[in-house]
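Colleague: Chains as they are written, first to last, in the working numbering: chain A, 394 to 710; chain B, 394 to 710.
Hints are computed from structural coordinates only; laboratory data are not their basis. Do not rely on the hints blindly, as some may be mistaken.
For chains that are exact copies, the list does not tell them apart, and a pair is met inside one copy or across any two.
[Claimed, not checked] Below, simulated DMTMM-like cross-link-like pairs (lysine to aspartate or glutamate); rule was C-alpha separation at most 20 Å, straight line:
id	residue 1	residue 2
1	Lys640	Glu685
2	Lys475	Glu705
3	Lys666	Asp708
4	Lys560	Glu695
5	Lys602	Glu563
6	Lys432	Glu685
7	Lys475	Glu487
8	Lys602	Asp559
9	Lys434	Glu685
10	Lys460	Glu685
11	Lys564	Glu601
12	Lys659	Glu628
13	Lys405	Asp604
Below are the chains, spelled out letter by letter.
Protein chains: 2
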Amino acid sequence: MDTRSIYKTQTKEFRSQWIAFISDLQNQICMALEDADGKAKFIEEEWQRNPDGKGGGGRTRVIANGKVFEKGGVNTSVVYGKVTAKMRRGLQLEGAKWFACGLSLVLHPFNPFVPTVHSNYRYFELYDRDDNVCDRWFGGGTDLTPYYLFDEDAILFHRTYQNTCDKFDEKFYPLFKKNADDYFVNVHRSNERRGIGGIFFDRRKPDEKQDLDFWFNFCKACGHAFVDSYLPIVEKRKNTSFSDENKRWQEIRRGRYVEFNLIHDKGTLFGLKTNGRTESILMSLPPTVRFEYNDKPKAGTEENKLLQVCLEPKDWT
Amino acid sequence: MDTRSIYKTQTKEFRSQWIAFISDLQNQICMALEDADGKAKFIEEEWQRNPDGKGGGGRTRVIANGKVFEKGGVNTSVVYGKVTAKMRRGLQLEGAKWFACGLSLVLHPFNPFVPTVHSNYRYFELYDRDDNVCDRWFGGGTDLTPYYLFDEDAILFHRTYQNTCDKFDEKFYPLFKKNADDYFVNVHRSNERRGIGGIFFDRRKPDEKQDLDFWFNFCKACGHAFVDSYLPIVEKRKNTSFSDENKRWQEIRRGRYVEFNLIHDKGTLFGLKTNGRTESILMSLPPTVRFEYNDKPKAGTEENKLLQVCLEPKDWT
Chain A
394 MDTRSIYKTQ
404 TKEFRSQWIA
414 FISDLQNQIC
424 MALEDADGKA
434 KFIEEEWQRN
444 PDGKGGGGRT
454 RVIANGKVFE
464 KGGVNTSVVY
474 GKVTAKMRRG
484 LQLEGAKWFA
494 CGLSLVLHPF
504 NPFVPTVHSN
514 YRYFELYDRD
524 DNVCDRWFGG
534 GTDLTPYYLF
544 DEDAILFHRT
554 YQNTCDKFDE
564 KFYPLFKKNA
574 DDYFVNVHRS
584 NERRGIGGIF
594 FDRRKPDEKQ
604 DLDFWFNFCK
614 ACGHAFVDSY
624 LPIVEKRKNT
634 SFSDENKRWQ
644 EIRRGRYVEF
654 NLIHDKGTLF
664 GLKTNGRTES
674 ILMSLPPTVR
684 FEYNDKPKAG
694 TEENKLLQVC
704 LEPKDWT
Chain B
394 MDTRSIYKTQ
404 TKEFRSQWIA
414 FISDLQNQIC
424 MALEDADGKA
434 KFIEEEWQRN
444 PDGKGGGGRT
454 RVIANGKVFE
464 KGGVNTSVVY
474 GKVTAKMRRG
484 LQLEGAKWFA
494 CGLSLVLHPF
504 NPFVPTVHSN
514 YRYFELYDRD
524 DNVCDRWFGG
534 GTDLTPYYLF
544 DEDAILFHRT
554 YQNTCDKFDE
564 KFYPLFKKNA
574 DDYFVNVHRS
584 NERRGIGGIF
594 FDRRKPDEKQ
604 DLDFWFNFCK
614 ACGHAFVDSY
624 LPIVEKRKNT
634 SFSDENKRWQ
644 EIRRGRYVEF
654 NLIHDKGTLF
664 GLKTNGRTES
674 ILMSLPPTVR
684 FEYNDKPKAG
694 TEENKLLQVC
704 LEPKDWT
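All chains should be built: construct the whole structure from the sequences, respecting the hints.
Modeller: Structure follows, in C-alpha cells:
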C-alpha cells in the first residue's frame, strides 16, 4: 500500500468515526431531553438530498408541544457532492468534491424563564480530482438565549464550556467566547446579541500540534457537555410561574432570534440558497413569535436587564 | 440662464412635486384606512438619518390593535447622500450623490379572511460631481397576500391595477404582473409565492416617449388606486367569523411573509445593511407569527387551495 492509499483508508476510517460520534450524540441528547421534558417524544424523519440517495441526507428529530419544550430539533446530516461554482464563490472552497457531517440542535422552551439553546458541531472535508483529501476542518459552538437573566444560569453555562475548553487549550475559551459574542449579533439592531453567547469556532484545521484526534476529542467533549451545560438550568426554571407579559417578552425576543437566523446566520442562508432541506434548516425558528413596532423595555425592568447584557456582553467566568 | 441651470431648476421642481405627491398620498391613505378600521388611529413618528438633519429622514405612521388592522404602517421617507463604495457595489450605482423619496405600506389585518397588502412607490435620482442629474428612475408596485382565496377579491385587486396600467400602456399590466409573480417568491420553498401578486416595476427611466411626467402620472395613478383595490375587500371580509384553525393558518402564512422579507426582499435587506431605520423597515413584519415543522395543508382544504395558487400563479383578469 502506498502512502496515498493509506491516507485514503485513514480518511475513510475517520469519516466513519466522526459519523458514529454524531449519530451517538444525537441519541444521547434526545434521550436526555425527552427525560427532561417528561411528556413529548422526538419524531424522526430521514431524508435524502436526491431520490437516488446520492449526495447523502439526514436524520431530523423534532419535538413539539411538550411539557417543557414548545418546539425543538436535534438534526444530523451526512452530505457530500461536487464543489459547485456557487460554493467556490460563496465559501471560497478550493477542491473538486466535499463531504460534511454534523449535528445541529435548537430548543425553544414554552416557559419564558427557561432559555433557548443552540449547538452545532460539524466536520468538513475537501477532495482534489484524485479523491485525496486536500483540506479539512472542524467547526461548531453553542449559545444560550435567555429571556430573563439569572446570573447563576449564565455562569453555569459558560463555566461548563470553559472547563471543557481548558482541558484542550487554555486559549480556546476566551477566544471562542469572543467569537460567539461577535457572531450571534443583530448588526441591524445596534449590535444587539441574540443572547448571552457561549463558544463558537470555525475552519479549525488539524496541524502537527493539534491533530485530527485532538480536534475530534475537542468536539466530542463540547458535544457531550451540552447536557451538563443546559439541563440543570431547565430543571431549575421549568416550573417558574409566569405572566402574559413574560410570555409577550419571550415572543418579542424570539422575533430577534428569527431576525438573526434569517438575515445574518451564514449556515441558515447557505443551506437555503444551496438547495438544502428547508424544513430541517428552519426547524430552528421559534414556534410563536411577535413583532411589535419600536418595542423597548423600560429602564429598571427585568426585561431591560436582559437587553443590556445583549448589548454589552459580560465575562461570566 | 444656461441650459444646465435650467435643468437643475427643473430637477428641483420635480423633486418637490414628487415629495408633495408622496406626502399627500400618505395622508389620503391613512385617512381611508382609519375610516375602514373604525377604532385605531395612526401614530406618527418623524425621524432623521443623522442628528444634524443631514441625509434626510422620514415620517413613519403605524397603526396597531385596531378593529380591523392588527398591525400596519404607511411610511414615507425623503433621503439623500453620497454614493458609498457599498452602494456602488451592491446597487451598481454610477454617480457621486443620490436622492430617494418614496412611500411604503404594509397592513396586517387581524381577521384571517382579510388579506395582507403591501404597496411601495419610489423615485430615485443620481447626480454627478457637478450636481447634475446623471440618472433617475421610478419603481414600485403592490401585492396582495390572502390567507384564504376568494376569486372575486383576487379579480377586483388585479383588475383595478390592470385598468390603471392600461390607461398608460397596455404592455404594462402583463409585464408588471409577471414581475410581481417572479419577485415575491420564497425560492427556498419550491418557489412558493407569498401571495397572489399584483404589479411590480423597477428602474423605469424616463425617455422621449415616456417622459418624467408620464412616469409621475403613472405612479400617482397606481398610488391612488390603492384605496379602490383594497378597501372593498376589507369591507366585504372584515366581519367574517373565523376559527382558531383559521387564525393558526394565518400565522403560518405570516411566517412565510417574514421569510420572504428577511431572506429575499431586496429593499428590506439593503435598508438593513446600509444603516436604514430598522424599526421603520421592519414595521412590515406581521404582529404574531407561527413556525411549525413541516406544516402542510391537506388536499381538498381551503388552506391547500390558497397554497396551490401561491405555487402556480393565475391570470386573474
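Colleague: Does each hint hold? Answer for all of them.
Modeller: Hint check results:
1. For the homomeric pair Lys640 and Glu685, the shortest alpha-carbon distances inside one copy (14 Å) and between copies (18 Å) are both at most 20 Å.
2. In this homomeric assembly, Lys475 and Glu705 never come within 20 Å of each other (Cα to Cα): the closest approach is 42 Å inside a single copy and 32 Å across copies.
3. With identical chains, the CA atoms of Lys666 and Asp708 are never at most 20 Å apart, being 36 Å at best within one copy and 29 Å at best between copies.
4. Taking the shortest Cα distances, Lys560 and Glu695 never come within 20 Å of each other, neither inside one copy (35 Å) nor across copies (58 Å).
5. Taking the closest pair of Cα atoms, Lys602 and Glu563 come within 20 Å of each other only inside a single copy of the chain (14 Å); across copies the shortest separation is 71 Å, beyond that limit.
6. For the homomeric pair Lys432 and Glu685, the shortest alpha-carbon distance between copies (19 Å) is at most 20 Å, but the shortest distance inside one copy (32 Å) is not.
7. In this assembly of identical chains, the alpha carbons of Lys475 and Glu487 lie at most 20 Å apart only when taken from the same copy (11 Å versus 38 Å across copies).
8. Taking the shortest alpha-carbon separations for Lys602 and Asp559, only the intra-copy value of 16 Å comes in at or below 20 Å, while the best inter-copy value is 72 Å.
9. Within a single copy, Lys434 and Glu685 get their C-alpha atoms only as close as 33 Å, which misses the 20 Å cut-off; across copies the closest is 16 Å, which meets it.
10. In this assembly of identical chains, the alpha carbons of Lys460 and Glu685 lie at most 20 Å apart only when taken from different copies (17 Å versus 27 Å within one copy).
11. Within a single copy, Lys564 and Glu601 get their C-alpha atoms as close as 17 Å, which meets the 20 Å cut-off; across copies the closest is 67 Å, which misses it.
12. In this assembly of identical chains, Lys659 and Glu628 lie within 20 Å of each other by CA distance neither inside one copy nor across copies; the values are 32 Å within and 43 Å between.
13. Proximity of Lys405 and Asp604 under a CA criterion of 20 Å is satisfied intra-copy only: 16 Å inside one chain copy versus 66 Å between copies.
Hint violations for this structure: numbers 2, 3, 4 and 12, all remaining hints satisfied.
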